[in-house]
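Last residue of the sequence shown: 188 in the numbering used here, with the numbers rising by one and none dropped.
Treat the hints loosely; a few may be bogus.
Stated by the list, open to error - Computed spacing ranges between beta-carbons, pair by pair:
(1) E109 x P83: 19 to 27 Å
(2) A37 x P128: 20 to 28 Å
(3) R113 x D66: 24 to 32 Å
(4) A47 x P83: 15 to 23 Å
(5) G104 x R45: 16 to 24 Å
(6) G46 x V107: 24 to 32 Å
(7) L140 x A162: 20 to 28 Å
(8) A142 x A48: 29 to 37 Å
(9) G121 x A48: 41 to 49 Å
Calculated from the structure, these hints are not laboratory results. For glycine and all other residues, C-beta sits at the position ideal for the given N, C-alpha and C.
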Amino acid sequence: MRILGIDPGSSVTGYGVVEVRGGRLRCLAHGTVVPPRGAALPVRLAALHAALGDVLRDHAPAGVVVEQVFVAASPRAALVLGHARGVALAAAAAAGLPVFEYGARTIKQAVAGHGAAGKPEVQRMVGLLLRLEAPPVPDAADALAAAICHLRAAALPPGALRGRARGRGRRAPRFALRLA
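Please work from the sequences and hints to get the whole structure.
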């Protein structure tokens with residue numbers, strides 16, 4: 009199975025294509041899309057849409073994972089982030105692909121073992137899991153982590169990602185299946 013992970017951003021959007029075959033994760037491509045700075049918002053969004061369309065055509069994923077939005081400190085930043093996220097969703101829909109969404113904590117837990125991992129830890133773990141020569145840049149690492157999260161979640165029994173189990177001292181199941 010091949011999945012495209014997208015980490016939408018207001019100025020930089022990360023992407024990563026991960027494939028699993030025979031239980032092994034493999035990175036096919038990763039990078040960032042940086043629309044022209046200073047250009048009008050519609051021009052930047054069009055550039056993002058074109059770049060994501062190219063990635064979708066070049067790598068033919070079976071699905072797309074987009075990180076769920078978090079509440080930003082600035083309403084304007086949240087709005088621009090929402091536009092970038094909308095472009096990612098539209099590109100996936102235009103390609104006829106299913107879209108999957110996970111929260112940042114779930115994605116971090118999938119690659120680092122805990123949901124409070126910082127960017128350097130996510131970068132390092134993504135590099136290790138995918139056997140990359142060097143850790144990817146932060147935005148690409150987040151996108152690759154989202155793809156890894158989905159590939160691991162797809163291998164788990166239904167309902168395994170629902171959060172904390174009820175009862176005292178019990179935790180939700182961790183990602184038990186190691187694909188790397």
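inquiry  = When the structure is checked against the list of hints, which entries are broken? Sort them ascending.
reply    = 5
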